[in-house]
Amino acid sequence: DGGITQSPKYLFRKEGQNVTLSCEQNLNHDAMYWYRQDPGQGLRLIYYSQIVNDFQKGDIAEGYSVSREKKESFPLTVTSAQKNPTAFYLCASSRVTDTQYFGPGTRLTVL
Amino acid sequence: GESVGLHLPTLSVQEGDNSIINCAYSNSASDYFIWYKQESGKGPQFIIDIRSNMDKRQGQRVTVLLNKTVKHLSLQIAATQPGDSAVYFCAENSGGSNYKLTFGKGTLLTVNP
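As you go down the protein sequences, you meet chains A and B in turn.
Residue 1 is where the first sequence starts when you use this note's numbering, and the numbers rise one by one after that.
Residue 1001 is where the second sequence starts when you use this note's numbering, and the numbers rise one by one after that.
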């Protein structure tokens, strides 16, 4: 069964903690992306990766970090430097110049 | 103090009617456009896309129209069903890079049985 999986579905973070969101795809896509979604706003790009071992900052990268050690995986770490991390986080993947397909999302809440 | 609510445009239709959802895009250099459907608490689902060398594309019960002159995109859903109730948003590859899409805020479609 092909697709994009994200875990966990819900995540709670205490202030000062770093947390890592998982994103895995078995679509053999080269590119992967992380977006943040807030109520009433369009999706905003955090980081993207066109190929293994390479990634670029998106529009709102401050307070986040990523790695791309494997083609299938693109984990996102929300660091304590991110002052307003409560949001719905979406991972996507695509072939090089094709449509982006999204995972089911992780809802992060700061306690 | 009073908080400002962030309200999406809404469209309410009767089951069986046709729905038209509109999107104004921002960059005249954009050459690829996508419509997504997002149900509450779920990730966006691809519906249909169109490239700038076309002005119309049809899928199953959906049609996308592109008017480059006025930078306008529309999604038509035929015979709307209750399962079509969701937020619909458009995306454009601003500046021609498919890696960096610009997303609209979306329209909430409610289908009344």
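Where hints are given, some of them may not hold.
To be verified - With a straight-line Cα cutoff of 30 Å, these simulated DSS-like cross-link-like pairs (lysine-lysine) come out: (1) A:K57 <-> B:K1042; (2) A:K83 <-> A:K14; (3) B:K1100 <-> A:K70; (4) B:K1100 <-> B:K1071; (5) B:K1105 <-> A:K83; (6) B:K1056 <-> B:K1105; (7) B:K1042 <-> B:K1105; (8) A:K70 <-> B:K1042; (9) B:K1100 <-> B:K1042; (10) A:K9 <-> B:K1071; (11) A:K9 <-> B:K1056; (12) A:K83 <-> B:K1071; (13) A:K71 <-> B:K1042; (14) A:K14 <-> A:K57; (15) A:K57 <-> A:K83; (16) B:K1042 <-> B:K1056; (17) B:K1071 <-> A:K71; (18) A:K83 <-> A:K9; (19) B:K1056 <-> A:K57; (20) A:K57 <-> B:K1100; (21) B:K1068 <-> A:K14; (22) A:K9 <-> A:K57; (23) B:K1056 <-> A:K83; (24) A:K71 <-> A:K57; (25) A:K9 <-> B:K1042; (26) B:K1071 <-> A:K57.
Claimed, not checked - Examples of chain B residues toward chain A, derived with CB under 10 Å: (27) L1008; (28) T1010; (29) Y1032; (30) I1034; (31) Y1036; (32) P1044; (33) Q1045; (34) F1046; (35) Q1060; (36) A1091; (37) N1098; (38) K1100; (39) G1104; (40) K1105.
Keep in mind the hints are simulated off the structure, nothing from the lab.
Computed from a predicted model, the values in this text were never measured in an experiment.
Cβ atoms here follow ideal geometry from the backbone N, Cα and C, with glycine treated the same way.
Here's how the hints hold up against the structure:
Straight-line distance between C-alpha atoms of A:K57 and B:K1042 comes to about 25 Å, which keeps the hinted pair within the 30 Å bound. Restraint check for A:K83 and A:K14: satisfied, since their Cα atoms lie roughly 12 Å apart, inside the 30 Å limit. For the proposed pair B:K1100 and A:K70, the alpha carbon gap of about 21 Å is at most 30 Å, so the pair holds. Only pairs whose Cα atoms come within 30 Å are accepted, and B:K1100 paired with B:K1071 is accepted, the gap being roughly 18 Å.
Taking the CA atoms of B:K1105 and A:K83, the gap is about 23 Å. The hint holds against a cut of 30 Å. Distance restraint check for B:K1056 and B:K1105: the Cα-Cα separation of roughly 23 Å lies within the 30 Å cut-off, and the hinted pair is therefore satisfied. For a cut-off of 30 Å, the pair hint linking B:K1042 to B:K1105 stands: about 16 Å separates their Cα positions. Proximity of A:K70 to B:K1042 is assessed by CA-CA distance (about 26 Å); at most 30 Å being required, the pair is judged to hold.
Restraint check for B:K1100 and B:K1042: the C-alpha separation of about 22 Å stays at or below 30 Å, so the hint holds. Restraint check for A:K9 and B:K1071: not satisfied, since their Cα atoms lie roughly 37 Å apart, outside the 30 Å limit. Taking the CA atoms of A:K9 and B:K1056, the gap is near 37 Å; set against the 30 Å cutoff, the hint is violated. Proximity of A:K83 to B:K1071 is assessed by CA-CA distance (about 36 Å); at most 30 Å being required, the pair is judged violated.
Pair hint A:K71 plus B:K1042 holds up; C-alpha atoms about 24 Å apart against a cutoff of 30 Å. With a C-alpha separation of about 25 Å, the suggested pairing of A:K14 with A:K57 holds against the 30 Å cut-off. A distance of roughly 18 Å separates the Cα atoms of A:K57 and A:K83; the hinted pair therefore holds under the 30 Å criterion. This hinted pair checks out: B:K1042 and B:K1056 have alpha carbons roughly 28 Å apart, not beyond 30 Å.
Between B:K1071 and A:K71 the CA atoms are separated by roughly 36 Å; this puts the pair beyond 30 Å, and the hint is violated. This hinted pair checks out: A:K83 and A:K9 have alpha carbons roughly 21 Å apart, not beyond 30 Å. A C-alpha spacing of about 34 Å is found between B:K1056 and A:K57, which places the hinted pair above 30 Å, so the restraint is violated. Our distance criterion of 30 Å between C-alpha atoms is met by A:K57 and B:K1100, whose separation comes to about 11 Å.
Taken as a hint, the B:K1068 and A:K14 pair is broken in the structure, with Cα atoms around 47 Å apart against an allowance of 30 Å. Taking the CA atoms of A:K9 and A:K57, the gap is near 24 Å; set against the 30 Å cutoff, the hint holds. As the CA atoms of B:K1056 and A:K83 are separated by approximately 44 Å, the hinted pair breaks the 30 Å bound. For the suggested pair A:K71 and A:K57, the alpha carbons sit about 18 Å apart, so the restraint of at most 30 Å is met.
Taking the CA atoms of A:K9 and B:K1042, the gap is about 10 Å. The hint holds against a cut of 30 Å. Taking the CA atoms of B:K1071 and A:K57, the gap is near 28 Å; set against the 30 Å cutoff, the hint holds. Hint status for B:L1008: holds, given a least beta-carbon distance of 6 Å to chain A, under 10 Å. Against a cut-off of 10 Å between C-beta atoms, the interface hint on B:T1010 is violated, since the closest Cβ of chain A lies about 12 Å away.
For the restraint placing B:Y1032 at the interface with chain A, the shortest Cβ-Cβ distance is roughly 8 Å, inside the 10 Å limit, so the hint holds. Interface hint at B:I1034: satisfied, since its Cβ lies 6 Å from the closest Cβ of chain A, which is below the 10 Å cut-off. Using the Cβ-Cβ criterion of 10 Å, the hint placing B:Y1036 at the interface with chain A is satisfied: the shortest such distance is roughly 8 Å. The criterion of a C-beta within 10 Å of any C-beta in chain A is met by B:P1044, whose closest approach is roughly 5 Å, and the hint holds.
A hinted interface residue such as B:Q1045 counts as satisfied when its beta carbon comes closer than 10 Å to some beta carbon of chain A; here the least separation is about 7 Å, so the hint holds. Hint status for B:F1046: holds, given a least beta-carbon distance of 6 Å to chain A, under 10 Å. Interface hint status for B:Q1060: violated, as the beta-carbon distance to the closest one in chain A is roughly 16 Å, over 10 Å. The interface hint given for B:A1091 holds, since its Cβ lies 8 Å from the closest Cβ of chain A, which is under the 10 Å cut-off.
Hint on B:N1098 holds. Least Cβ distance to chain A is approximately 5 Å, under the 10 Å limit. The beta carbon of B:K1100 comes within 6 Å of a beta carbon in chain A, closer than 10 Å, and the hint placing it at the interface holds. Of the supplied interface hints, the one on B:G1104 holds, with its beta-carbon coming within about 6 Å of a beta-carbon of chain A, less than 10 Å. Because the smallest distance between the Cβ of B:K1105 and any Cβ of chain A comes to about 5 Å, under 10 Å, the interface hint for this residue holds.
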